[in-house]
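Participant: Line by line, the protein sequences give chains A and B. Heads up: take any position in the first sequence, counting from 1, add 7, and you land on our numbering. Heads up: take any position in the second sequence, counting from 1, add 11, and you land on our numbering.
Keep in mind that the hints were calculated from the coordinates and are not lab data. Check before you lean on any hint, since a few could be wrong.
Claimed, not checked - Pair ranges (Cβ atoms, derived):
# : chain 1 : residue 1 : chain 2 : residue 2 : range
1 : A       : D85       : B       : L127      : 42 to 48 Å
2 : A       : A24       : B       : L127      : 41 to 47 Å
3 : A       : Q38       : B       : E55       : 18 to 24 Å
Stated by the list, open to error - Here are the simulated lysine-lysine pairs, DSSO-like style, with alpha carbons at most 30 Å apart:
#  : chain 1 : residue 1 : chain 2 : residue 2
4  : A       : K74       : A       : K9
5  : B       : K35       : B       : K79
6  : A       : K9        : A       : K63
7  : B       : K35       : B       : K89
8  : B       : K89       : A       : K49
9  : B       : K89       : A       : K9
10 : B       : K79       : B       : K89
11 : A       : K9        : B       : K79
12 : A       : K9        : A       : K49
13 : B       : K79       : A       : K49
14 : A       : K74       : A       : K63
15 : A       : K63       : A       : K49
16 : B       : K79       : A       : K63
Beta carbons are placed, not taken as given, at the ideal position from N, Cα and C, and that holds for glycine.
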Amino acid sequence: QKEVEQNSGPLSVPEGAIASLNCTYSDRGSQSFFWYRQYSGKSPELIMFIYSNGDKEDGRFTAQLNKASQYVSLLIRDSQPSDSATYLCAVNPPGNLFFGTGTRLTVIP
Amino acid sequence: DAGVIQSPRHEVTEMGQEVTLRCKPISGHNSLFWYRQTMMRGLELLIYFNNNVPIDDSGMPEDRFSAKMPNASFSTLKIQPSEPRDSAVYFCASSSPLAGTGETQYFGPGTRLLVL
Numbered sequence: 008q009k010e011v012e013q014n015s016g017p018l019s020v021p022e023g024a025i026a027s028l029n030c031t032y033s034d035r036g037s038q039s040f041f042w043y044r045q046y047s048g049k050s051p052e053l054i055m056f057i058y059s060n061g062d063k064e065d066g067r068f069t070a071q072l073n074k075a076s077q078y079v080s081l082l083i084r085d086s087q088p089s090d091s092a093t094y095l096c097a098v099n100p101p102g103n104l105f106f107g108t109g110t111r112l113t114v115i116p
Numbered sequence: 012d013a014g015v016i017q018s019p020r021h022e023v024t025e026m027g028q029e030v031t032l033r034c035k036p037i038s039g040h041n042s043l044f045w046y047r048q049t050m051m052r053g054l055e056l057l058i059y060f061n062n063n064v065p066i067d068d069s070g071m072p073e074d075r076f077s078a079k080m081p082n083a084s085f086s087t088l089k090i091q092p093s094e095p096r097d098s099a100v101y102f103c104a105s106s107s108p109l110a111g112t113g114e115t116q117y118f119g120p121g122t123r124l125l126v127l
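This is chain A alone, in the form it adopts within the complex (with noise of 0.2 Å):
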């Protein structure tokens, strides 16, 4: 079993519409979790991270967390084609971070 899993996709949805993309990991002893967004060409840049269970939200961008279940989620409201992209899931457990191989988003105009 991988430390982190996502579905590969690819998601595809309309131009203003939710995008939901999902994250489990194996580890319970995890205390960070991470949401990289990466441009084809170019290097992950961080978009959010999240540490205590629950919603987290910033701008059009809302991160769910649920320990109990091991699940973590990303939610784009209203989504833009610039937000076509791949997405990763990381997750610390301590002294290490794995990265699942990630969702790739498209948004379709």
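Dock chain B against the given chain A, drawing on the hints supplied.
Facilitator: Then chain B, alone, in the frame of chain A:
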């Protein structure tokens, strides 16, 4: 701040040659990470340093790979001898722990390596 700096940005070499990738972390960051990214395997952590000391190199694929961090502002990843299966994008990232938030990593632009 200039961000994480990597060089070269692109490298094309022949099988058997030595390849050296370089990284300058963000000033003040005390952790440095080397990653490899391929379509098949995604982003893989190769090794990370904390305060210039290698902490975990379990991701280094084999003895052909070595990494050093002689000081807080410079690190190298060396492949000797290189093989075609080493072709990938190699990222360097640095971080500085923030209280209560784990370690947020900032990535360099990457080195695109092609071994023929």
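Participant: Against this structure, judge whether each hint is valid.
Facilitator: We went through each hint and held it up to the structure:
Judged by the Cβ atoms, the range 42 to 48 Å given for A:D85 and B:L127 holds: they are separated by roughly 46 Å. Checked against the given bound of 41 to 47 Å, the beta carbons of A:A24 and B:L127, roughly 44 Å apart, stay inside it. At about 21 Å, the CB distance of A:Q38 to B:E55 agrees with the hint of 18 to 24 Å. The hinted pair formed by A:K74 and A:K9 meets the criterion: a straight-line CA distance of about 17 Å does not exceed 30 Å.
Taken as a hint, the B:K35 and B:K79 pair is honoured in the structure, with Cα atoms around 12 Å apart against an allowance of 30 Å. For the hint pairing A:K9 with A:K63, the CA-to-CA distance comes to about 26 Å; that is within 30 Å, so the pair holds. Our distance criterion of 30 Å between C-alpha atoms is met by B:K35 and B:K89, whose separation comes to about 15 Å. At most 30 Å may separate the alpha-carbon atoms for a hinted pair to count; B:K89 and A:K49 meet this at roughly 22 Å.
About 27 Å separates the Cα atoms of B:K89 and A:K9, which keeps this hinted pair within 30 Å; it holds. A hinted pair counts as satisfied when its Cα atoms are at most 30 Å apart, and B:K79 with B:K89 qualifies at roughly 9 Å. Distance check on the hinted pair: A:K9 and B:K79 sit about 28 Å apart at the alpha-carbon level, within 30 Å; holds. Restraint check for A:K9 and A:K49: the C-alpha separation of about 25 Å stays at or below 30 Å, so the hint holds.
Between B:K79 and A:K49 the CA atoms are separated by roughly 25 Å; this keeps the pair inside 30 Å, and the hint holds. With a C-alpha separation of about 14 Å, the suggested pair A:K74 and A:K63 falls inside the 30 Å cut-off, and the hint holds. A hinted pair counts as satisfied when its Cα atoms are at most 30 Å apart, and A:K63 with A:K49 qualifies at roughly 26 Å. Among the hinted pairs, B:K79 with A:K63 is inconsistent with the structure: their alpha-carbon atoms are about 38 Å apart, more than 30 Å.
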